[in-house]
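> As a plain string of letters, each chain reads:
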Amino acid sequence: MTEQTETKKDTVTVTVDGKTFEAAPGELVIAAAERHGIYIPRFCWHPRMKPVGMCRMCLVEIEGVRGLPPACTTPVAEGMVVDTRTPVVKKAQDGVLEFLLINHPLDCPVCDRGGECPLQDQTFSFGPGESRFVEEKRHFEKPIAISELVALDRERCIQCARCTRFADEVAGDPLISFVDRGDHTQVLTFPDDPFTSYFSGNTVQICPVGALTASPYRFKARPWDLDQVESTCSTCAVGCRVNLQSSQNDLVRMLGVDSEPVNHSWLCDKGRFGYQAVEHDGRVTHPLVRKGDELIEASWSEAYAAAAKGLADVRDLHGAGAIAFLGGARGTNEDAYAWAKLAKGVLATDSVDCQLDDGLPAAAVLGLPRATIDDACRAKAVLLLGPDLKEELPVLYLRLREAVVDGGVAVVELGPQSTGMTRHAKTTLLYRPGEAVEVARALTSGRDPMPDAGGVRGEELAAAAGILGRAGEGVVVVLGRPSVAESGRTVAEAAAVIAAAWPQARFLPALRRGNVMGALDMGLAPGVLPGRVGLDAGREWFSQEWGVLPEEPGLDAAGIVGAAAEGRVQALVLLGADPINDFPDRTLARRALAGAGFVVAVDTFLTDSSREADVVLPAAMYGEKAGTTTNIEGRVTRVNQKVTAPGTVRSDWIIAAELAQRLGGDLGFDSTAAVWAEIARLAPSHVGLTADVLGRRENRDGVVAPYEGEGPPRHEAPVEQIEAAAAVHQGETLPSEAVAGAPEHAAVDEPSDDDDPAGAGRPPLLTFAVGDAGSTAAPPAVDAYALRLVAGRRLYDNGVTVRHSAHLAGLAPSPRLRANPYDLDRLGLGTGDRVRVTSSRTTLTLEVAADTGIPRGSVALPFNLPGEGAADLIDGTQPVTDLRVETTN
Amino acid sequence: MARLTQENVERAREIISRYPASRSALLPLLYLAQEQDGWIDDSAMEHIGDLLDLTPAQVLGTCSFYTMFKRQPVGRHLVSVCTNIACLLNGGYELLEHAEARLGVVVDETTPDGEFTLEEVECLADCDRAPCLQVNYRFFGNVTHDDFDRLVDDLRAGRLAETVPAHGVLNREQPPPVSVRRADAPHGAGD
Amino acid sequence: MAFRDAPDILTSRLRYEDSHTLERFLATGGYDGLRAAVARPADEIVEEVKTSGLRGRGGAGFATGQKWSFLPADVFPRYLVVNGDEGEPATFKDHMLIERDPHQLIEGIAIASYAIKCTKAFLYLRGEFALGHERMSRALREAYTHGALGRNVFGSGFDIDIVLHPGAGAYICGEETALLSSLEGFRGEPRIRPPFPAVKGLYQKPTVVNNVETLANMAWIVLNGGAAYAALGQGRSTGTRLLSLSGHVNRPGNYEVELAKSTFRDLFYDPALGGGIKGGREVKAFIPGGASAPWFGPDQLDCPLDLDEVQQRGSMMGSGSVVVMDETTCPVRAAWRITKFFAHESCGKCTPCREGSGWLEKVLRRIELGAGREEDLDLLLDVCDNLAPGLSWPPGQTTICVLGPSIPSPIYTSIRMFRDEYLTHVKEGGCPFS
Ligand SMILES: Cc1cc2nc3c(=O)[nH]c(=O)nc-3n(C[C@H](O)[C@H](O)[C@H](O)COP(=O)(O)O)c2cc1C
Ligand code: SF4
Ligand code: FES
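Quick mapping for you: the protein sequence lines, in order, are chains C, V and L.
So the number in our numbering is just where the residue sits in the first sequence, counting from 1, plus 4.
FYI, our numbering numbers position 179 of the second sequence as 169, with every residue one higher than the one before it.
So the number in our numbering is just where the residue sits in the third sequence, counting from 1, plus 5.
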């Protein structure tokens, strides 16, 4: 039964319908044939899921094989001869189609899938004529809602199990199942347990018929009215490839595109349905200028004049350092570059931060050796020191989950609370908030036995270290912010400790905002300039082109908010930023907005923060503008425009350029293309990455920066090569050198004029080492009466996208304070009780819930849910926030 | 009602320990619930899901595949009349019709007093005694119409309680515990 | 009860009322086979079974020794799974073996486990066999106490556990891969092959699936030698087997017969066996091997009870159940009822079987009830052909498992044999037999 081939060839020769070609051993006949232009009809087979061979539509004849094997479960073999068009095959396929149609309703005219339905299409191309079935069709109650987002019409279902397999195999949320059997089989959820998967929309996309439909799309359009472009989702920083579809200038649907290195065709529901926000009628469509207590609609020129005057006055009175920019991580790279140039090159302030103290210091993100998603999925082990990926970077979670479940990648999780990844992790080390650095030190110490550290027992640390190995070889660290209630600096310092101890480890940033990586790359952070260079290192290079530059490093978001609260920052420019909701410490954010004398908000909606502004400049949203974006890997892809923006809304980069003029500057570009051209010419990590290069067919999935010219893209370098290069540095002791020696940095750190004629004088890219995170204050000693706060985000939150997407808005959970049952017992509390929670900032009344995924001594409260919550409690001036929890009576 | 009792949870744990993978215990645990309540309701499925780390949908998917798991209450006596080929040839349908008339219900209904649920079933593997039926999965063969009437009377009067326990009780003997528990089950080589 | 001179291999104890007790079992040589087996190298037992020529009694008739040797050499753990789901209509032999001689099966399972070097066996027992579950549970307990199961069987160092697992009412779980899915706690849906269970079976580990009757032979083969077994029967049909005889015969029951040495006529008419047709009527048709098997007409009465011979003539001995239909039988009604069975039992995983079974059942019911059309006969045959291309035996297949292509068996054979009677239903608007 087991075959043994004497000589192992890399390929096998097969013949399909008379066409002979090479295929990879193990490749399925259906896929191999398709690559050579022979389409074998199918319903159940999906290239991203395991074959099940259920629908029997793909039956073929194979010489020497009895019967009609399915092409979707049969791997190619040397010398195999396949026929997909013989009369026997044709009859079998007609037969299967007829079988599928006997119980299928004839409601194509009112079915969402009508016009793009493989069953309909194949009935035309393969099927028999009219039905010989004169019996009564099977009946089910017409569409039932299986979740807020998905409706199920069981009469249309052809039982291909794509949805149930997706839910189980890919999403890991087996909430839909086949129920009953035989021709009574139906897909169902458990009563009162709806299909509340973050990934439910994928089932709609892969359902080959109209059995599953998306509530947001139902009856919105017919396929022939749709117009589409390929783009990149910008809801989070995974950067899934999508098809953006519109009908009559309305976005109506997003479909996942199969990008091999990124999303494998999947999307999360927030990404898929978040386009509804674009269509929301609450958009700011015209500039607004404050007159007394009110924001009054104004013309662009009035608004620009007001904005420019306010900023210029502050600059003239208090100096450029009194102007600060917050935000900018939601636009395109072009937008980010334009704002960076305005801030740093025109106004000469370096107090610019695209993050809101809810991410990681720019130096760490930009300076650590980078890994791609594929690197992580093929790693020997992954160390996850970051947020709950399922909540913040959902498709990265899918990719990693698959790598664990199918690829056996070992995940070691290091965080203050358990997450969606915990059940897949080999081990989860729950540390005491604020003590990530101690844990990182112990973990990489190589000591035996290992001491306890940061609340984690030594044995657990030793076990984890055993999985990760000694030198970080083959280890990818997925690095983000596990909780906004503890300082991001400690996480960055922990990363620096790991990088120093394990020179071969590489890092995949896990930051969430759509284009946060692009914004960092484009210089929207203090101390850096576009193209991943430091302010000083890049000073000469940029001042030639930009003219002025900030004299000295500016403030980061925490510094800006703090300074504004104290009146030291006098003018704030909010680039789609809503500090009142997104900055960890709401009390401070409110004071900052009150304290800044002059606030300009460039925004799409009026938020709690932009409502406080003096001038509001309405900006274009996703789908309304073109450009590029950059994902967590540094992968640059295109985003495209599909619809026209409402009112007089403009793209950010245009607003920046026009405002610059009013401020006496000239950004020097007049089109998106021109902005990109400047980036590809100037930004050291992006030099040579022209629109032309990006537009190439082979770069359809984007190009990972730093761009290295014509050579093979960095991420495709064979693993051996990377390992060999890394091995060279193994004997060396200086971690920073070893980091710099990693191949992706080698070329740029030591620019050689020979290889890179355009690169003469190009500044070196940033590297990050111990100490670069800045000093971190140690957390205060644990107070036996206090519980330490952990605040992570939920996918459905109070953010602009969710709040303004009709079908997502209701999905945000209500906040509950979760604590270890031990602690609740100690306090005499149980799930459902209401408690008074007091921090140095305020007191709230909240409901508690027991959760064994929270370590003793900590409590978790989601950040940024509607209403009062973690942001009100967090004291951003402290490394951690301690809470007192008391019964309400 | 219908979560497993503490005692049954203990039994469930023992059953789970017999298998190399806990999900294998799903059918036995569904039987446990059915033994407890005579049928399997939603909260039993949820509880079993908790014990086996499965979603209720996974439990339902498996449960609903099998005809012996009743997701609606059934009578104390489940009367299963075979009409498959050997019984068909020997009066199985006539027996079924007689049963409907005698009990005053049609197939898949329960008598108003909750004593009997009548069902038509596939071959019971007792074909040499066709027509045959089962009551709570206990066999009765060569059943004449008179036999059937007597059987109903006896069951109602509790005269057969020894041979026919209440619906849901499949096995009154405990199978032996296994000697190699899951914890020390050999994995990899050297089984 | 063996026919003619062959020994009672499987049924030797059945003459005793207390055949299911350990006492009776031990008094009649019980567990001697296991003692003998564990004293020999495991590979020798495999060889004995190969020599015996024993072919599986579950339906497919695959050589047992050969199946065992497909297990990859060095992969452990591996499992033996015993198929006691007996659901093929009119088959009731395993039911008897389990209730009446549970220790014989336990002994067979232990011997087979020893031979294939596994330490955990699962007995998947049809749910409806409540008494079987009780008898088997008790017997298993006794066997552990007796030292025949558990750690260190009879001091030999061999460990074996048998886990009794209940089915729950699904014929398809008799199909070996569906059985494995069910045993793993899933819906009883067959799996795609390859990989075959021998390579990746239960929990993705090498697994042998054997029928109850197959394993009940083990002690005899060990004690008497494979050659003695092979000396019974003829050609590739060696040994004896249990035939479940039912329908219109005077003496329905299980009969252990030596293979190939007698014919269906013998089986039906011999006074020690079927004892003739009820009421002295004629055989109209019979099913030689379970509901899945194509029907035979009276012209095949002299076909020997030989697996290959029956197959050559277009049907199979399958699970060993033989159903006799006399002249009072309505072939449409009989074919409809069997089709109804398949429609009820199709797991629903693959399209042709899920949709085809229900369709065929509806058309047959319509004909039986008098709403048939002449073109329905061609329709039936054509739909059958879409399940089992070519309508021959063994069947061509458009489905995952053999349930699907079995559905056509009664339909096309009954139409071929009794087309006129079908047409009478159509013309007279109903069943002429009722
Ligand atoms: C639909 C279907 C039902 C089956 N039912 C049974 C059964 O009830 N008992 C059985 O032993 N084999 C049954 N089989 C055969 C099994 O798949 C398998 O071949 C057999 O258990 C192997 O055991 P053996 O080699 O000892 O015969 C069935 C096969 C099919 C396709
Ligand atoms: S042939 Fe029928 S029983 Fe077999 S897998 Fe297909 S649907 Fe299930
Ligand atoms: S696509 Fe191959 S069986 Fe469905």
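These are computed hints drawn from the structure, not numbers from a lab.
Glycine included, every Cβ here is placed at the ideal spot set by N, Cα and C.
Each hint should be verified, as a subset may be incorrect.
The calculated lysine-lysine pairs, modelled on DSSO-like cross-linking and capped at a C-alpha distance of 27 Å, are [what the hints assert, rightly or not]:
#1 C:Lys54 with L:Lys210
#2 C:Lys23 with C:Lys94
#3 C:Lys384 with L:Lys205
#4 C:Lys95 with C:Lys146
#5 C:Lys384 with C:Lys54
#6 C:Lys295 with C:Lys313
#7 L:Lys367 with L:Lys266
#8 C:Lys94 with C:Lys146
#9 L:Lys210 with L:Lys122
#10 C:Lys384 with C:Lys430
#11 C:Lys430 with L:Lys210
#12 L:Lys283 with L:Lys266
#13 C:Lys54 with L:Lys205
#14 V:Lys60 with L:Lys367
#15 C:Lys13 with C:Lys54
#16 C:Lys94 with C:Lys54
#17 L:Lys266 with C:Lys141
#18 L:Lys367 with C:Lys95
#19 L:Lys122 with L:Lys55
#20 L:Lys122 with C:Lys430
#21 C:Lys13 with L:Lys205
#22 C:Lys13 with C:Lys23
#23 L:Lys283 with L:Lys55
#24 C:Lys146 with L:Lys367
#25 L:Lys266 with C:Lys384
#26 V:Lys60 with C:Lys146
#27 C:Lys94 with L:Lys367
#28 C:Lys95 with C:Lys23
#29 C:Lys430 with C:Lys54
Label-pair restraints from in silico Cβ distances [claimed, not checked]:
#30 V:Asp103 with L:Gln239: 56 to 62 Å
#31 V:Thr(-5) with L:Asn157: 35 to 41 Å
#32 C:Gly834 with V:Ala156: 36 to 42 Å
#33 L:Gly162 with V:Pro167: 17 to 23 Å
#34 C:Asp837 with V:Ser7: 52 to 58 Å
#35 L:Gln239 with C:Gly68: 16 to 22 Å
#36 V:Arg149 with L:Asp10: 57 to 63 Å
#37 V:Thr(-5) with L:Gly162: 37 to 43 Å
> It remains to establish, for every hint, whether it holds in the given structure.
Quick rundown of the hints versus the structure:
A C-alpha spacing of about 19 Å is found between Lys54 (chain C) and Lys210 (chain L), which places the hinted pair at or below 27 Å, so the restraint holds. Restraint check: the Cα-Cα separation between Lys23 (chain C) and Lys94 (chain C) comes to about 19 Å, which is no more than 27 Å; the hinted pair holds. Taking the CA atoms of Lys384 (chain C) and Lys205 (chain L), the gap is near 26 Å; set against the 27 Å cutoff, the hint holds. Taken as a hint, the Lys95 (chain C) and Lys146 (chain C) pair is broken in the structure, with Cα atoms around 32 Å apart against an allowance of 27 Å.
Our distance criterion of 27 Å between C-alpha atoms is met by Lys384 (chain C) and Lys54 (chain C), whose separation comes to about 23 Å. Distance hint between Lys295 (chain C) and Lys313 (chain C) is fulfilled; the C-alpha atoms sit about 15 Å from each other, no more than 27 Å. Restraint check: the Cα-Cα separation between Lys367 (chain L) and Lys266 (chain L) comes to about 41 Å, which exceeds 27 Å; the hinted pair is violated. The suggested pairing of Lys94 (chain C) with Lys146 (chain C) is violated, with an alpha-carbon distance near 33 Å, which exceeds 27 Å.
Annotation: proposed proximity of Lys210 (chain L) to Lys122 (chain L) holds, straight-line Cα distance about 13 Å (limit 27 Å). Restraint check for Lys384 (chain C) and Lys430 (chain C): the C-alpha separation of about 12 Å stays at or below 27 Å, so the hint holds. For the hint linking Lys430 (chain C) to Lys210 (chain L), the alpha-carbon distance of about 23 Å falls within 27 Å, and the restraint holds. Between the alpha carbons of Lys283 (chain L) and Lys266 (chain L) the distance comes to roughly 25 Å, so the proposed pair stays at or under 27 Å and holds.
With a CA separation close to 16 Å, the supplied pair Lys54 (chain C) and Lys205 (chain L) stays within the 27 Å bound. Between Lys60 (chain V) and Lys367 (chain L), the direct Cα distance comes to roughly 26 Å. Compliance with the 27 Å bound is thereby established for this hinted pair. About 25 Å separates the Cα atoms of Lys13 (chain C) and Lys54 (chain C), which keeps this hinted pair within 27 Å; it holds. Distance restraint check for Lys94 (chain C) and Lys54 (chain C): the Cα-Cα separation of roughly 25 Å lies within the 27 Å cut-off, and the hinted pair is therefore satisfied.
Restraint check: the Cα-Cα separation between Lys266 (chain L) and Lys141 (chain C) comes to about 51 Å, which exceeds 27 Å; the hinted pair is violated. A hinted pair counts as satisfied when its Cα atoms are at most 27 Å apart, and Lys367 (chain L) with Lys95 (chain C) qualifies at roughly 22 Å. The straight-line distance between the Cα atoms of Lys122 (chain L) and Lys55 (chain L) is roughly 16 Å, inside the 27 Å bound, and the hint therefore holds. Between Lys122 (chain L) and Lys430 (chain C) the alpha-carbon distance is near 32 Å, which puts this suggested pair outside the 27 Å criterion.
For the proposed pair Lys13 (chain C) and Lys205 (chain L), the alpha carbon gap of about 25 Å is at most 27 Å, so the pair holds. A threshold of 27 Å between alpha carbons decides the hint, and for Lys13 (chain C) with Lys23 (chain C) the separation of about 20 Å falls inside it, so the pair holds. A C-alpha spacing of about 41 Å is found between Lys283 (chain L) and Lys55 (chain L), which places the hinted pair above 27 Å, so the restraint is violated. For the suggested pair Lys146 (chain C) and Lys367 (chain L), the alpha carbons sit about 24 Å apart, so the restraint of at most 27 Å is met.
Under the criterion of a C-alpha separation no larger than 27 Å, the hint pairing Lys266 (chain L) with Lys384 (chain C) is inconsistent with the structure, at around 64 Å. A hinted pair counts as satisfied when its Cα atoms are at most 27 Å apart, and Lys60 (chain V) with Lys146 (chain C) qualifies at roughly 25 Å. For a cut-off of 27 Å, the pair hint linking Lys94 (chain C) to Lys367 (chain L) stands: about 26 Å separates their Cα positions. Simply put, Lys95 (chain C) and Lys23 (chain C) have alpha-carbon atoms about 22 Å apart, close enough for the 27 Å limit, and the pair holds.
Proximity of Lys430 (chain C) to Lys54 (chain C) is assessed by CA-CA distance (about 24 Å); at most 27 Å being required, the pair is judged to hold. A beta carbon spacing of about 59 Å between Asp103 (chain V) and Gln239 (chain L) agrees with the range 56 to 62 Å that was offered as a hint. As the Cβ distance of Thr(-5) (chain V) to Asn157 (chain L) is approximately 36 Å, the hint placing it in 35 to 41 Å holds. For the hinted restraint 36 to 42 Å between Gly834 (chain C) and Ala156 (chain V), the CB-CB distance of approximately 37 Å keeps it satisfied.
At about 21 Å, the CB distance of Gly162 (chain L) to Pro167 (chain V) agrees with the hint of 17 to 23 Å. Restraint check, Asp837 (chain C) to Ser7 (chain V): a C-beta distance of roughly 36 Å breaks the suggested window 52 to 58 Å. A hinted range of 16 to 22 Å is violated for the C-beta pair Gln239 (chain L) and Gly68 (chain C), which are about 31 Å apart. The given range of 57 to 63 Å is broken by Arg149 (chain V) and Asp10 (chain L), whose C-beta atoms sit roughly 46 Å from each other.
Separation of Thr(-5) (chain V) from Gly162 (chain L) is about 41 Å and conforms to the stated range, judged on CB atoms against 37 to 43 Å.
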